[in-house]
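Peer 1: From just these sequences and the hints, can you work out the full model?
Protein chains in written order, with the working numbering: chain A, 942 to 1044; chain B, 5 to 112; chain C, 4 to 212.
If you are wondering where the hints come from, they were derived from the structure by calculation, not from laboratory data.
Incorrect hints may appear among the rest.
Cross-link-like lysine-lysine pairs, in silico, BS3-like; alpha carbons within 30 Å at most [unchecked claim]: (1) K82(C) - K1022(A); (2) K960(A) - K43(C); (3) K982(A) - K82(C); (4) K132(C) - K985(A); (5) K132(C) - K106(C); (6) K82(C) - K106(C); (7) K960(A) - K37(C); (8) K82(C) - K43(C); (9) K208(C) - K106(C); (10) K960(A) - K1022(A); (11) K982(A) - K37(C); (12) K1022(A) - K982(A); (13) K1022(A) - K37(C); (14) K39(B) - K208(C); (15) K106(C) - K39(B).
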Amino acid sequence: MERGHHDIGGLPGAGPIDKSQHELSDWEILADAVNQALGAKGVKRTDEMRRAREEMDSEAYREMNYYERWIASIEAILIEKGILKRDEIDNKVREFDKKWGEP
Amino acid sequence: MIHPATGRFRPGDAVRVLNEHRPGHIRTPFYVRGKTGWIERVYGDFLNPESLAFGGDGLPRRTLYLVAFKQADVWGAAQAPRDKLFVDIYDHWLEPASYGGQKDEHIR
Amino acid sequence: MSTSGDDHGHDHPRNELSAQAKRIYAIRDLLLEKGVITEKDIQSQIEYQEARSPANGAKLVARAWVEPEFKARLIADPKAACAELGIDATALNEFVVLENTEKVRHMVVCTLCSCYPRPILGRPPDWYKSFNYRQRSVNDPRGVMREFGLVLPDDIEVRVHDSTADIRYLVLPLRPKGTDGLSEAELARLVTRDSMIGVMDALPKLPET
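Peer 2: Structure follows, in structure tokens:
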């Protein structure tokens, strides 16, 4: 039986709990707020977001951090619902790169 | 508002989690599939996340239960014998079971 | 609406953001441009989240410790008990309080994602969301508790709750012995966020300041 990459309860190989806490960056606070705002407006449901994270590329799921996964699922659901298009987002990011300078 | 429960099970009933593969958004964890426990609490009827996750209306509502397991029954005898595991599981992922183990410890 | 958040940044330079981080700014700007959400919607969510913290839970626990009737109400109808203390738990679909006793300790996890009683406690700690916690809490809760300094003999029952649905769980830790002389406010300071998740007990005495 296949097991989703999110369905990890009891999987072997887990290490000690890292108790360090990082202070949230602006972009994480924004991701959190955009997610909640979309929910409050009835644009998407939490269940859809969870499903989008389950459908992510498994390697990306393991490598991305928590809010990066949220952003990926926000994007996936907004595109699925036809609210945004991927190339719109790509273009906007390119505008930012021009404005802020390449890293 | 919690909708009243319409499902099959009552507190104390022995239940087994279905050991099936179902596609889509499933909130019954892999580690508990095929395991036998008992109904600890009946929470009521909720919209079905398996439908909501794909933009559906979540109907018909499904009864949600607090299902208890002895840790030893889920993971094996190395577990501390009194320890328990509780998972919130929907009616359509459960079937009746005959519980062969000791039930008395969960009755408070 | 101005784009790219020159008016928002008080963080690291924007050109050092990860690819995903840049995308949320792009998504935000596009959603604002299209009127899907407003700046006010975003801001009110930020404020809502900031208003929520473990202090809410600590208030509930401390009151439950000093007033047995409140404890009974908290366990019977947690949302109503929150309202009594001015804590807005209305966003929770359903909320259950798990009472620790001398013989039973509870621990809460969401193995499938990271569900947490955010409307009361605020955001979960990083460790709660980690893969290691999600993997280990269900089959090695005692090992996890040991890492948080809590060692329990086998005759104390450990109950792990995997919050897989819309029920959110809050652990009501045991009142530490020898705290009869403490005020309710002082008692609340013994109630850590981690004790309300269940990986440790409440602090045995007030932290040195």
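Peer 1: Does each hint fit the structure? Answer for all of them.
Peer 2: Results of checking the hints against the structure:
1. For the given pair, K82(C) sits about 34 Å from K1022(A) by alpha-carbon distance, which is inconsistent with the 30 Å threshold.
2. Pair hint K960(A) plus K43(C) does not hold up; C-alpha atoms about 34 Å apart against a cutoff of 30 Å.
3. In summary, the hint linking K982(A) to K82(C) is supported, as the alpha carbons are separated by about 23 Å, within the 30 Å threshold.
4. Between K132(C) and K985(A), the direct Cα distance comes to roughly 22 Å. Compliance with the 30 Å bound is thereby established for this hinted pair.
5. With a CA separation close to 28 Å, the supplied pair K132(C) and K106(C) stays within the 30 Å bound.
6. Taking the CA atoms of K82(C) and K106(C), the gap is about 26 Å. The hint holds against a cut of 30 Å.
7. As the CA atoms of K960(A) and K37(C) are separated by approximately 40 Å, the hinted pair breaks the 30 Å bound.
8. Annotation: proposed proximity of K82(C) to K43(C) holds, straight-line Cα distance about 27 Å (limit 30 Å).
9. Distance check on the hinted pair: K208(C) and K106(C) sit about 21 Å apart at the alpha-carbon level, within 30 Å; holds.
10. Of the pairs offered as hints, the one joining K960(A) and K1022(A) is violated, with about 38 Å between alpha carbons and a cut-off of 30 Å exceeded.
11. For the proposed pair K982(A) and K37(C), the alpha carbon gap of about 14 Å is at most 30 Å, so the pair holds.
12. The suggested pairing of K1022(A) with K982(A) holds, with an alpha-carbon distance near 14 Å, which does not exceed 30 Å.
13. Between K1022(A) and K37(C) the alpha-carbon distance is near 14 Å, which keeps this suggested pair within the 30 Å criterion.
14. Taking the CA atoms of K39(B) and K208(C), the gap is about 42 Å. The hint is violated against a cut of 30 Å.
15. In summary, the hint linking K106(C) to K39(B) is supported, as the alpha carbons are separated by about 26 Å, within the 30 Å threshold.
Of the numbered hints given earlier, the model fails hints 1, 2, 7, 10 and 14; all others are met.
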